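Visitor: One letter stands for each residue in the lines below.
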Amino acid sequence: MRVADKMAFSQVTQNLSKNRSEMQDLQNQAATQKRVVKPSDDPMAAARVLVNRVDEKSNEQFIKSLNSAKSFLEFTDQSLGELTESLIRAKELALSQADDASGNAQSRRVTGKEIEQIYNQSVQIANRKLGERYVFSGHKTTTMPFDIMGNYRGDDGDIKIQINKDSFLPMNLSGDKVFLGRGLGNDGFIHARYETPKNVTEMQDYKQEEQQRLEQNQEVMGNHVDVRGPSNIGDIQKSSDVVGTNVFSILKNLQVSLEANDKAGVQDSIDYLDQAINQVVLARSQVGSRVGIVNSSIDSTQKAKMDNRIAASQLEDADVFQVMSDITKNEGTLRATMETSGKLIQPSLLDFLK
Amino acid sequence: MSKISAMMDTGKRSLMNSQTSLQTVAHNIANKSTENYSRQRVETVTNQPIGTGNLRIGMGARAAVVNRVNNPFLEKQLQKESSQMGYLDSRANSLGRVEQVYNEQMNKGLNHYVSDFFNAFRELSNNPESLTSRTIVRETADVLTKDFKRVNDQLHDIQNDIDGQLTSHIEQINQYSKEISTLNEKIQQVEIQGIPANDERDRRDLLLKKLNEKINISWAENETGLVSVTAGNSAVIVSGYDHVDLKAVRNPDGKVSINYTAVENGKLSDLTKQFTGGAVGGALDVRDNVIEGYLSSIDNMAYTLAREVNEAHIEGYDRTGRSGVLFFDMPDTAKGASSQVQVNKTILNDVTRIAAGVKPNAPADNTVANVISSIQYKEVFDNNSSTIDEYYNSQVGQVGVLAQRATKTKEAQENILNQLNNIRESVSGVSLDEEATKMIEFQKTFDASARLIRTADEMFDTVLSIKR
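Quick note, the sequences are listed as chains A and B, same order. Quick note: the first sequence, position 343, residue 342 per numbering that gives the first Met the number 0, numbers continuous. Quick note: the second sequence, position 114, residue 113 per numbering that gives the first Met the number 0, numbers continuous.
Honestly, the hints are just simulated from the structure, not real lab data. Hints are not guaranteed to be accurate.
[Stated by the list, open to error] Taking lysine-lysine pairs in the DSS-like style, the calculated list, with each CA pair at most 27 angstroms apart, reads:
id, chain 1, residue 1, chain 2, residue 2
1, B, Lys31, A, Lys33
2, B, Lys407, A, Lys342
3, B, Lys107, A, Lys164
4, B, Lys443, A, Lys353
5, A, Lys69, A, Lys342
6, B, Lys31, A, Lys353
[As the list claims (entries may be wrong)] Pairwise CB distance ranges, derived in the manner of DEER restraints:
id, chain 1, residue 1, chain 2, residue 2, range
7, B, Asp381, A, Gln321, 52 to 62 angstroms
8, B, Asp331, A, Gln321, 47 to 57 angstroms
9, A, Ile292, B, Asp287, 46 to 56 angstroms
10, A, Phe320, B, Val248, 40 to 50 angstroms
11, B, Lys334, A, Glu208, 47 to 57 angstroms
12, B, Gln99, A, Asp298, 35 to 45 angstroms
13, A, Leu349, B, Ala449, 48 to 58 angstroms
[Unchecked claim] Partner residues are not named here, just some residues of chain A that face chain B (Cβ under 8 angstroms, in silico):
id, residue
14, Met6
15, Lys33
16, Val35
17, Val36
18, Pro38
19, Ser39
20, Leu49
21, Gly156
22, Gln161
23, Val199
24, Glu209
25, Arg308
26, Ser312
Every value quoted in this text rests on a predicted model; they were computed, and no experiment measured them. For each residue, glycine too, the CB sits at the ideal point set by N, CA and C.
Using the sequences provided together with the hints, build the complete structure.
Guide: The structure is reproduced here in structure tokens:
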């Protein structure tokens, strides 16, 4: 084959430039420790890396939500625990003053004072705040839920926290459920729906439902005759269905009975205290199971975060050993090219003609 | 007697032939590096022999013609491959720039900001009463709209750059066509005398190759050596001794289009769509197909996101119980949305207007915040089959694939072109070794011819000295 000079020169140039450009790529990889520096280096990996990043951020955010829910729930749990203890103490006191063998008018008056303390303490527990928020107010977390008379000023909303892509968990327990026992049985109160609205249509339905529910519940509440005083003890339903009890009015009634030396009233209130304790314990177990869900979600989300990072690293980070060995190989090729190039282009017949 | 003078004559002619050949060798060596040069050879043929009786005696040689060693089919192939090379090269360059707009390996981009936006709403959902979380929502939303605008602006910048490139390509094309028409004239005038116009043809071949690199042309040569060149399908830019310029005109929508008119001062017609090859074709493809596609995707993304968020936000009540306003100010149609979508000024000025819940006077109600943050996983793109992240990520993947493919095809084409060039050089290129050998050959011939003349001269003297 006839070899013209230009051919030889251009071949030398092309080969050198090809080697150098490979070298440059490898050097870039070694310096940035990344295999994928722009999307065209590996389009699949580049797109997947983006997915991993979004997941990592979402997981971090979920962990934040979960931790905030966890502290809220644990605080609720602790408060309910203290409340249970107060109620048990009240029951012991009631038992001790239930018959004439162990109590008389004097001791009952003294015990009445103690019950008053327990009553005040219960109201305080109900009005506890975590940070800036009242724990038992439902959605009205900036309003104190109970006044000293035991009237409820919050609402029955559930604060839903997103714990992963598809599920929400209520992180509070509204005061009317725990302390007033509303909505626990056949007393006519209507619950909010359980599923969280996830799109606008569901939300619009939810809005309407909430409006209607609010009006209906207000009607039901109006029909409840809520009168204080010894005479209303008989108004509390004694049926065997599961119903709610008003913790405050029970305590108040006990106090009143003790101060009035009403032995029968004291004996009745023991039963009611039992119901109240059950109600609070039931609420506490609900909270407890939610704490369990939150804890296991935290664990699985953190594991997912770790897995995510491993996957992302495999896709986009450069394998240092591979890069180094490629660089060494390339160096050798470059040197060989340069040596032989010299041999190809230098000699010419003219050097040998005199 | 006549034989001696014939010998002298032969010698003299041979001397001249050697000189001519040497001169051609010199020309070859001097033009060794000239682009697209084809080496030239002197074709020597024998003179008409003279017959005397039984003998036919040859009368030496004469230089018939100076030819160039050139394969026209190879030239045509080179032109075709150069055209493809110009197209792929221009396309790969522009796509490399488009790819940088979507490159989140080194910088933060839409993927990052969209994620932050939705996570800000999740944070709001955790703390619906707080002003801090509302401020974060406002800031991430503002930054997000700014990034949409950045992508839009950068894509438009690339389009403007391409327009600049087009203008300079067109100027060069016009220069080439002018020179080709001049060469046409020269070639015709020379070849009408039956002599090949080697250097001019080499130059014209080079110009045609360069024209092919820039734009798709078709050309044909007639029997008198004139070449007519048509760009695209219908724009005749060289015809005989004349050439017509292509004009780059800026349209009202800001883009440059390529116009042409056959008649001087005639009406310009927009022929941009005809140019699908060469560097101009590659640039136009990226500007009008690829970038427009990405612009409309980003517009769609901004528009749909704003619409979905607004739809949820107006159902809610803000921190002070007022009904929710539109979260984003957005245009009516998707076109241009990515540079026009902005956070509502009311919200920019007063973060308490951000609505988190659906019940007024219920500070911890976070229903709206939950619905808005769920939009991240809602399939509202691609006929309701992709979420916003999937939509954007597929854009990035697509641009990566396009850029990668463009680079690889360009490299493959470079190899093909290099091969062809090497073959052309092998046929038409100058080799110093060969020229050196030929130089010696012709010099020896020169010496021998000179010797011949001396011999003839001595013989003549001998004849003259026969009679004193």
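Visitor: Work down the list of hints and note, for each, if the structure agrees.
Guide: Cross-check of the supplied hints:
Restraint check for Lys31/B and Lys33/A: not satisfied, since their Cα atoms lie roughly 46 angstroms apart, outside the 27 angstroms limit. A C-alpha spacing of about 31 angstroms is found between Lys407/B and Lys342/A, which places the hinted pair above 27 angstroms, so the restraint is violated. Distance hint between Lys107/B and Lys164/A is fulfilled; the C-alpha atoms sit about 24 angstroms from each other, no more than 27 angstroms. Pair hint Lys443/B plus Lys353/A holds up; C-alpha atoms about 14 angstroms apart against a cutoff of 27 angstroms.
A distance of roughly 76 angstroms separates the Cα atoms of Lys69/A and Lys342/A; the hinted pair therefore is violated under the 27 angstroms criterion. In summary, the hint linking Lys31/B to Lys353/A is supported, as the alpha carbons are separated by about 22 angstroms, within the 27 angstroms threshold. A C-beta distance of roughly 37 angstroms is found between Asp381/B and Gln321/A, which places it outside the suggested range of 52 to 62 angstroms. The supplied range of 47 to 57 angstroms is met by Asp331/B and Gln321/A, whose beta-carbon atoms lie about 53 angstroms from each other.
Our hint of 46 to 56 angstroms for Ile292/A and Asp287/B holds, since their Cβ atoms are close to 55 angstroms apart. The beta-carbon spacing between Phe320/A and Val248/B, approximately 57 angstroms, falls outside the hinted interval of 40 to 50 angstroms. Between Lys334/B and Glu208/A the beta carbon distance is about 39 angstroms. The supplied range of 47 to 57 angstroms is therefore violated. Judged by the Cβ atoms, the range 35 to 45 angstroms given for Gln99/B and Asp298/A holds: they are separated by roughly 40 angstroms.
Between Leu349/A and Ala449/B the beta carbons are some 24 angstroms apart, a value that contradicts the proposed interval 48 to 58 angstroms. The interface hint given for Met6/A holds, since its Cβ lies 4 angstroms from the closest Cβ of chain B, which is under the 8 angstroms cut-off. Hint status for Lys33/A relative to chain B: holds, with the closest Cβ pair at about 7 angstroms, below 8 angstroms. Interface restraint check: Val35/A against chain B, minimum CB-CB distance 6 angstroms, threshold 8 angstroms, status holds.
Taking 8 angstroms as the C-beta contact cut-off toward chain B, the hint placing Val36/A at the interface holds, the least distance being around 6 angstroms. A cut of 8 angstroms between beta carbons decides the hint on Pro38/A: the least distance to chain B is about 3 angstroms, and the hint holds. A distance limit of 8 angstroms between C-beta atoms decides the matter here; for Ser39/A the minimum to chain B is near 4 angstroms, and the interface restraint holds. Nearest Cβ of chain B to the Cβ of Leu49/A: about 5 angstroms, under the 8 angstroms cut. The hint holds.
About 6 angstroms separates the beta-carbon of Gly156/A from the nearest beta-carbon of chain B, less than 8 angstroms, and the hint is met. Because the smallest distance between the Cβ of Gln161/A and any Cβ of chain B comes to about 6 angstroms, under 8 angstroms, the interface hint for this residue holds. The beta carbon of Val199/A comes within 5 angstroms of a beta carbon in chain B, closer than 8 angstroms, and the hint placing it at the interface holds. Here the hint on Glu209/A is kept, as its CB sits about 6 angstroms from the closest CB of chain B, short of 8 angstroms.
For Arg308/A, the interface hint is violated, since its Cβ never comes within 8 angstroms of a Cβ in chain B; the closest pair sits about 15 angstroms apart. About 13 angstroms separates the beta-carbon of Ser312/A from the nearest beta-carbon of chain B, more than 8 angstroms, and the hint is not met.
This entry does not satisfy hints 1, 2, 5, 7, 10, 11, 13, 25, 26, going by the numbered hints stated previously.
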